[in-house]
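Student: Chains as they are written, first to last, in the numbering used here: chain A, 1 to 404; chain B, 1001 to 1287.
Hints may contain errors.
Claimed, not checked - Simulated pairs of lysine to any residue, SDA-like, Cα-Cα distance not exceeding 20 Å:
id, chain 1, residue 1, chain 2, residue 2
1, B, Lys1189, A, Cys150
2, B, Lys1174, B, Gly1133
3, B, Lys1002, A, Gly49
4, A, Lys335, A, Ala276
5, B, Lys1002, A, Leu45
6, B, Lys1002, A, Asp43
7, A, Lys292, A, Lys335
8, B, Lys1189, A, Pro96
9, B, Lys1189, A, Arg304
10, A, Lys263, A, Glu224
11, B, Lys1002, A, Gly303
12, B, Lys1002, A, Arg304
13, B, Lys1189, A, Gly152
14, B, Lys1189, A, Cys54
15, B, Lys1002, A, Arg16
16, B, Lys1189, A, Gly303
17, B, Lys1189, A, Thr137
18, A, Lys263, A, Ser293
19, A, Lys263, A, Arg304
20, B, Lys1189, A, Arg16
21, B, Lys1189, A, Arg138
22, B, Lys1189, A, Val157
23, A, Lys263, A, Ala214
24, B, Lys1002, A, Lys292
25, B, Lys1189, A, Gly331
26, B, Lys1189, A, Leu141
Stated by the list, open to error - Ranges of calculated distance between the beta carbons of each label pair, as one might list FRET restraints:
id, chain 1, residue 1, chain 2, residue 2, range
27, B, Asp1235, A, Ala360, 54 to 60 Å
28, B, Lys1002, A, Glu262, 51 to 57 Å
29, A, Gly173, B, Arg1241, 43 to 49 Å
30, B, Ala1004, A, Cys113, 37 to 43 Å
31, A, Gly114, B, Ser1278, 40 to 46 Å
32, B, Thr1091, A, Val327, 49 to 55 Å
33, A, Pro230, B, Ser1278, 48 to 54 Å
Said to hold, decoys possible - These stretches of chain A come out as covered by chain B in the derived footprint (C-beta under 8 Å, 3 or more residues):
id, stretch
34, 43 to 52
35, 77 to 91
36, 232 to 245
37, 251 to 258
By construction, these hints were calculated from the structure, which means they are not laboratory data. In this text, a Cβ means the ideal position worked out from N, Cα and C, and glycines have one as well.
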Amino acid sequence: MTASPRPETIAMGASRMISLTLNGRPVTAEAEGRTNLADFVRDTLNLTGTHLGCEHGVCGACTILVDGEPARACLSFAGACQGADVITIEGLDDDPVTAELRAAFNREHALQCGFCTPGMLVSARDLVLRLPEADETRIRLGLAGNLCRCTGYAGIVKAVASVISARRAQGIGPMTAERPLGPVGARAGGAVSAALPTTVATAAAPSATTTSLAEDFTPAHSFEQSFEVPFPPAEVFAFFGRIEEVAACLPGAVIDAMPSPEKVEGGMRVKLGPIATTFRGSARIGRDDATKSGTIHGAGADGRSRTEGLIRYRVTDGATPGTARVVLDVGYTLKGPLAQFGRPGLVREVAGRLIAEFAANLEARLGGTQPSPTQERGLDPLKLLISLVSDRLGRLWRRGGPTS
Amino acid sequence: MKPAPFRIERPRTIADAVALLASGGDGAKVMAGGQSLGPMLNLRLATPDLIVDLSGIDDLRTVREEAGHIIYGALVTHADVEDGRAPDVGTNILRRVASGIAYRAVRNRGTMGGSLSHADPAADWVNALSVLGAEVEIAGPAGARRLPMGAFLAGALATALEPGEILVGVQVPKVPATARFGYVKHCRKVGEFAHAIGAVLIDPATGTGRALMGAIDAPPLVLADAATLFGGRIDAGFAVRFDASAANAALVAAGLTDAVDRHVHVEVLRRAATQAASLFTDTRSAA
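Isolated chain A, as found in the complex (with noise of 0.2 Å):
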């Protein structure tokens, strides 16, 4: 089949025919919506020297050419390159630029294990043709999306600045293509807009995790935030002990059962960004009425990554007489894939913004009239589960994610 208009729809986990121009020649393969275009050519079409390192935009291995231009081809899925075309590291057998950087990329022993070779001859071809003015600074900036592991970017330097230089010599200027406006890869031409799909069934909610709530938790961060509302210390306290009503104020938070009055289970729906998910598990209630004050430590876990929190609040005297102000101290520690990052500043954030959607619910509750609709966010007696989630996702974009 060809790229011919068609409604463009990958329905999710079958697959459809995907049509582009891979090295010169028309291919059609078959690929899910979710499969990208390093996937596509490695397994699909059994070209194997793009290769996928982090899988996350960082490394750089599975650089490739998209319109004559260097992409990611693990952050670029084939069913949105319809029509693009594509050139691998095996497409680049012929090219003159290429096996200039081969020839000094053997010279200057400027690979060991090879991994990252093929990405680092297409962003090195890109600086070549685009930049033959870089130094051995430029060169490195634009190598700074490439990494390299085991040999040291000593000898790749040299290699890139020595074709530049023989180029230069020979007055060679930029050569840059025209090209429109917009993500390379991506055509309008031959794609119509599909009709409206049916409704694709939402996954299975995450089966619950039972998880210990150990005596001697100690959580990896802490933060501590407080909000005042104008009802007396003894009335919010009060309020804080009728846990359904708590979690009808906190955007997100459902609660399954109470097996006892110290004993909650339920789910808390977190969603940041394009993040959305639910952490199920249990919460233990403490309350001291001596000191309106009281505890609630959960855990909690949404079928990837496990949370655990602990908040100790108290109510004490407000500003002005007749009002309170509630103190939450707020512990946490998450594990699991989100664990490997983390920007607890980011979750300060967004448990304030969750904290202050909670005072105002619960003030509109204790004034009698009803909360706003439930929000996706949540804060909760698992509001743990959110600290965590945004936690990792922090970290992601700290460490890991390449775009801004």
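Knowing the structure of chain A, use the given hints to seat chain B on it.
Tutor: Same frame as chain A, but now just chain B:
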């Protein structure tokens, strides 16, 4: 890691994209170049059922120049700005910012609209366009609307976009020839997200200026009147009067409790001011 399965749709018009997005509800995510969402999909931090890929919509691959400002379509890439295919709002203003975003292979697909919609507090466009006073154009089920950056950015990774709404363009005011733009970001490694961003837009001819401290895990702190940072007035010698205590006080008021963090942000802002001042005399080369 591989993404969880999802369905991908490539509408050709903004209206179709809005309809698709609305139909997908909470399980639908919009994608432009995919350079922010892609990593989250691959790590399965984001597991949408439906991806509405905007990259086939011609109306978003545009730049409109009007009196006083330039309107960038949501699909204009960082590389489009870096290379000058999309005009700049002044001499080497956005171009300089664009060339410092991530890596070239990412800049070739990453878009202004996608970056703003992702709303990472440490992202370059989120900060640069805030200090430049940009506004975003939004299309949605209820029609079109426009928001200043400050109202658009609702929090870390959160925007004012309602369900079904799409950011379709960014309107950026042109920078007067008498003004200078300082933009400094602090990273441990080239291409990573910033740990601190400082920016100033200073115009001694009018005695006005704006300043920004960003990458504070929340939307950037924008000082609409930067004079307080420079002894109460803005003139040719503004930078040497940079008042670190005023900047620090603004951060304290914004809730930054860590003194070391504040120190870094204040210093990065000072460097941005110094950079802007140096641009009044230097001839700059393109990045």
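Student: Please go over all the hints and tell whether each is borne out by the structure.
Tutor: Hints, verified against the model:
1. Lys1189/B <-> Cys150/A: Between Lys1189/B and Cys150/A the Cα gap is close to 18 Å, so the pair holds against 20 Å.
2. Lys1174/B <-> Gly1133/B: Since the Cα atoms of Lys1174/B and Gly1133/B sit roughly 10 Å apart, the hinted pair holds (cutoff 20 Å).
3. Lys1002/B <-> Gly49/A: 19 Å, holds
4. Lys335/A <-> Ala276/A: Holds, because 17 Å separates the two Cα atoms, which is no more than 20 Å.
5. Lys1002/B <-> Leu45/A: Distance of about 18 Å is within 20 Å: holds.
6. Lys1002/B <-> Asp43/A: 13 Å, holds
7. Lys292/A <-> Lys335/A: 32 Å, violated
8. Lys1189/B <-> Pro96/A: The given pair, whose Cα atoms are some 32 Å apart, is violated under the 20 Å limit.
9. Lys1189/B <-> Arg304/A: 29 Å, violated
10. Lys263/A <-> Glu224/A: Status violated; Cα separation ~24 Å.
11. Lys1002/B <-> Gly303/A: Roughly 16 Å between the alpha carbons, so the hint for Lys1002/B and Gly303/A holds.
12. Lys1002/B <-> Arg304/A: 14 Å, holds
13. Lys1189/B <-> Gly152/A: The given pair, whose Cα atoms are some 16 Å apart, holds under the 20 Å limit.
14. Lys1189/B <-> Cys54/A: The given pair, whose Cα atoms are some 17 Å apart, holds under the 20 Å limit.
15. Lys1002/B <-> Arg16/A: 18 Å, holds
16. Lys1189/B <-> Gly303/A: With a Cα-Cα distance of about 33 Å, the restraint between Lys1189/B and Gly303/A is violated, given a limit of 20 Å.
17. Lys1189/B <-> Thr137/A: Satisfied, since the Cα-Cα distance of roughly 14 Å is no more than 20 Å.
18. Lys263/A <-> Ser293/A: 17 Å, holds
19. Lys263/A <-> Arg304/A: Distance ~24 Å between Lys263/A and Arg304/A Cα, so the pair is violated.
20. Lys1189/B <-> Arg16/A: With Cα atoms ~39 Å apart, Lys1189/B and Arg16/A exceed 20 Å; violated.
21. Lys1189/B <-> Arg138/A: 14 Å, holds
22. Lys1189/B <-> Val157/A: Holds: Lys1189/B and Val157/A sit about 17 Å apart, inside 20 Å.
23. Lys263/A <-> Ala214/A: Holds: Lys263/A and Ala214/A sit about 14 Å apart, inside 20 Å.
24. Lys1002/B <-> Lys292/A: 49 Å, violated
25. Lys1189/B <-> Gly331/A: Violated - the C-alpha atoms of Gly331/A and Lys1189/B are around 30 Å apart, more than 20 Å.
26. Lys1189/B <-> Leu141/A: 10 Å, holds
27. Asp1235/B <-> Ala360/A: 54 to 60 Å: 45 Å, violated
28. Lys1002/B <-> Glu262/A: 51 to 57 Å: With Cβ atoms ~42 Å apart, the hint is violated.
29. Gly173/A <-> Arg1241/B: 43 to 49 Å: 45 Å, holds
30. Ala1004/B <-> Cys113/A: 37 to 43 Å: For Ala1004/B and Cys113/A the Cβ distance comes to about 31 Å; the hint is violated.
31. Gly114/A <-> Ser1278/B: 40 to 46 Å: Since Gly114/A and Ser1278/B have Cβ atoms about 44 Å apart, the given range 40 to 46 Å holds.
32. Thr1091/B <-> Val327/A: 49 to 55 Å: 51 Å, holds
33. Pro230/A <-> Ser1278/B: 48 to 54 Å: 52 Å Cβ-Cβ, so the 48 to 54 Å window holds.
34. 43 to 52: violated (count 0)
35. 77 to 91: holds (count 4)
36. 232 to 245: Our answer is that it is violated, as 0 residues pass the Cβ test (under 8 Å) against chain B, missing three.
37. 251 to 258: The restraint on the stretch 251 to 258 of chain A is violated, since only 0 of its residues have a Cβ under 8 Å from chain B and three are required.
Against the hints set out earlier in the document, violations occur for numbers 7, 8, 9, 10, 16, 19, 20, 24, 25, 27, 28, 30, 34, 36 and 37.
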